[in-house]
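Since the structure of chain A is provided, determine the placement of chain B on it from the hints.
Just so you know, the protein sequences line up as chains A and B, in that order.
Residue numbering for the first sequence is 1 to 102, as defined by the working numbering.
Residue numbering for the second sequence is 1 to 657, as defined by the working numbering.
Just so you know, not all the hints are guaranteed correct.
What the hints assert, rightly or not - Partial list, computed: chain A residues near chain B (C-beta under 8 Å):
| id | residue |
| --- | --- |
| 1 | L18 |
| 2 | L22 |
| 3 | D95 |
| 4 | D98 |
| 5 | R99 |
Unchecked claim - Far from chain A, by Cβ distances over 10 Å, these chain B residues were calculated:
| id | residue |
| --- | --- |
| 6 | S3 |
| 7 | I39 |
| 8 | F73 |
| 9 | A167 |
| 10 | V280 |
If you are wondering where the hints come from, they were derived from the structure by calculation, not from laboratory data.
Just so it is clear, CB atoms sit at the ideal spot from N, CA and C, and this is done for glycine as well.
Each chain is listed here by its residues.
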Amino acid sequence: MTLPILLVISSGLFCIGLLAALSRRHAIFILIGIEMMLAAANLNFIAFWRFGPQPAQPTGMMVAIFAIAIAAAEAAVGLAMVIVVYRHFRSTNVDQLDRLKG
Amino acid sequence: MNSWITNNVWLIPAAPIAASLLILAFGKAARRAAAAVAIVGQIAALTMSIFAFVPTLHSHGFRAVQNFTWFTFGEQILRIGFVLDPLAAAMLLMIALVGLCIFVFSIGYMGEDKNFSRFFAYLSFFSGAMLGVVVANSLLLLFVFWELVGLASYLLIGFWIERPSAAAAAKKAFITTRIGDMGFFLGILLLYHRSGTLLFYDGGRGCLEPVALSAIGSSVTLVALLIFCGAMGKSGQFPLHVWLPDAMEGPTPVSALIHAATMVAAGVFLVARVYPIFSVGAINGVTPSLTVVVWIGVITGLMAALIAIAQFDIKRILAYSTVSQLGLMMVSLGAGGVAAGIMHLLAHGFFKALLFLGAGSVIHGLHHEQDIRKMGGLHRLMPITFLTYAVGMMALSGVPFFFSGGWTKEEILHATSNWPRSHLPHYLALIGVILTALYMTRQIIYVFFGNRRAASEHAHESPSVMAIPLIVLAVCAVFLSVVLTPAWPWLESYLTGHPARFDARLLIQPMIVVSLALVGAGVSVGIWMYRRAGEADPLQHAQPALFRFLENKMWIDEIYGRTVIALSAILARLSDWMDRHVWDALVQDIGRIGQFFGRVTTSADERVINAGVDESTSGAHGLGRLMSRWHSGQIQTYLGAVALGMLALVLLYAWLG
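So here's chain A without its partners, still in its complex pose (with noise of 0.2 Å):
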């Protein structure tokens, strides 16, 4: 495991989760998605410190740590926007919530 290969598969990460985020229809997959990115950047965080200056100091997976629980406290939210949603609209596809249009 050298650092560019970890940044290989943070990027890989990041882009199925940025092509789920853009291409599913149901909310909760977006969500997915976004999570997904969120999990490279994580990975992002501690492959830097792992092979940064100072791997002894547990700061990289601190941060990580810190974001996957936020990313879980998010994942509470966003799901119950989702069924908030589904009660108010009967749907849960994006396409069809479109009443922010100008």
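Positioned in the frame of chain A, the structure of chain B alone reads:
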């Protein structure tokens, strides 16, 4: 004596999990292939379990441990590992074998289901997670597999998602066990805080070994009780037993897997695994935490046995009987009979799987009728099911000599009679034995004897793919009685590490006579009571109020509904009200300040600046209309624009160097 498998125990749970992932990835279309992959995975696990079992037989107190570092966090090194000892090896063998029978049975039972391959994926996943619980050598790793078991059970109980009752039951199982797991997790944290390790065995430094145990100090009782919370949730002990009967909403093979080999066994197994934590500082084998285990077990066992008498759903009766038997195992563990409890767990795994699959066969033969009042007279129509079911019933009731449950129950009664704190659990356990024989007799009479009622007109025997697992399990239930015979207690000595001696005199003991008399009493009372049972239950006639109390499960669900659930509903309403009237009002008041300033500036605007600006606004209006085309309301378009913008920035940055 080590072989390759004792150094690679992780392969055993890995096989079914790999099978499950394979099915999930490719199995949507190929139904036959999905079942084949699942069964191959399970056979692989079974074969490896046998290879792992053999070396543990050769030496007393065999234990193979492999630990490795998971990750390093600053100065903390978190290590996990796998262990193979007699307890794990016996459990592996039981889970893999019972699991295999259930897998084969499911081919017939779920044959017409449209989500056949998804079912096998979940089943494999469940089996793998449970095998992982057994071989984990770290409380943390055990907890991880424990939660995977919980997830798998959620998916399987709610397998028929189109039924609202199944979805509700799955949710109830998940949330109820989560309450227990919360305590379990706190216990893990406290244990780690005190002892600095979560490994069970680590060459003298593990948390089950003397050095770390003495480091826990005075909070050991709290640690033990918090861990027991987890066991209560998973093993359906009072007051967290409510999910288990509802879990009957899942397909019957799932009930067999959950109630026999896997999920419910996890709690009893956990207590047996961390038994040294429970028994620190024992005087005469009694500690505060073990006393709690005994009383919880007694309450659970007796309560569930009473409720089982007044149920009409064939699977619910078995569910309550499971709760009751688990209570009995807990009593045994708490009273110091660890080997007896685990032996009953192993024997129970076989005969309860047999009973559930037998019930599944009946349900399948009667076209999904589960009410025992509509059955009857099936012993001629479904002879194989009847014979195997009768074997299971006698093993569960604890008929001595020829059926496995008899010996293990007698061992448990023996353990409780020696408990120094009080004799009450012993007598209550004796009552439990009578009740078990009674409700099983009632069920057999209703289902297999008497007149044919509504549903049994068009009954048919199940195909051989379902009958063969029944026969295999019935043979196991009988064969185990030879293995478990007290005359040559090698299984007990295998589990405890004390050498065994052959002694034929142990076959006839006072306790065996007592249990024979109790089972005889239970069965004959049952036959006498239900000899002419029809649509109405004789007990219902004699004692309608009592019967309704039991039929409604002692109203425990209703009590929870009025207390715990109502309380959380009130809290939810309260925070909703706070949100609407306090926080919202605050925000709106701040907004009003803004509005006020806004008005001031508007008036200034309109009178002073407006005139000059009007001209330019019409231009801005046109531009705005143009821009509003871009504003489609489609969030994914926005997200795409953001991504493109980011790409442009990255490219710009690369170009500039």
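Structure-based check of each hint:
1. L18: holds, 6 Å
2. L22: holds, 5 Å
3. D95: Holds, about 7 Å.
4. D98: Result: holds, 3 Å to nearest chain B Cβ.
5. R99: holds, 6 Å
6. S3: The claim stands: B/S3 keeps its Cβ more than 10 Å from every Cβ of chain A (closest is about 32 Å).
7. I39: holds, 31 Å
8. F73: Incorrect as stated: the minimum Cβ-Cβ distance to chain A is 5 Å, not above 10 Å.
9. A167: holds, 14 Å
10. V280: holds, 33 Å
Going through the hint list in order, the structure does not satisfy hint 8, though it satisfies all others.
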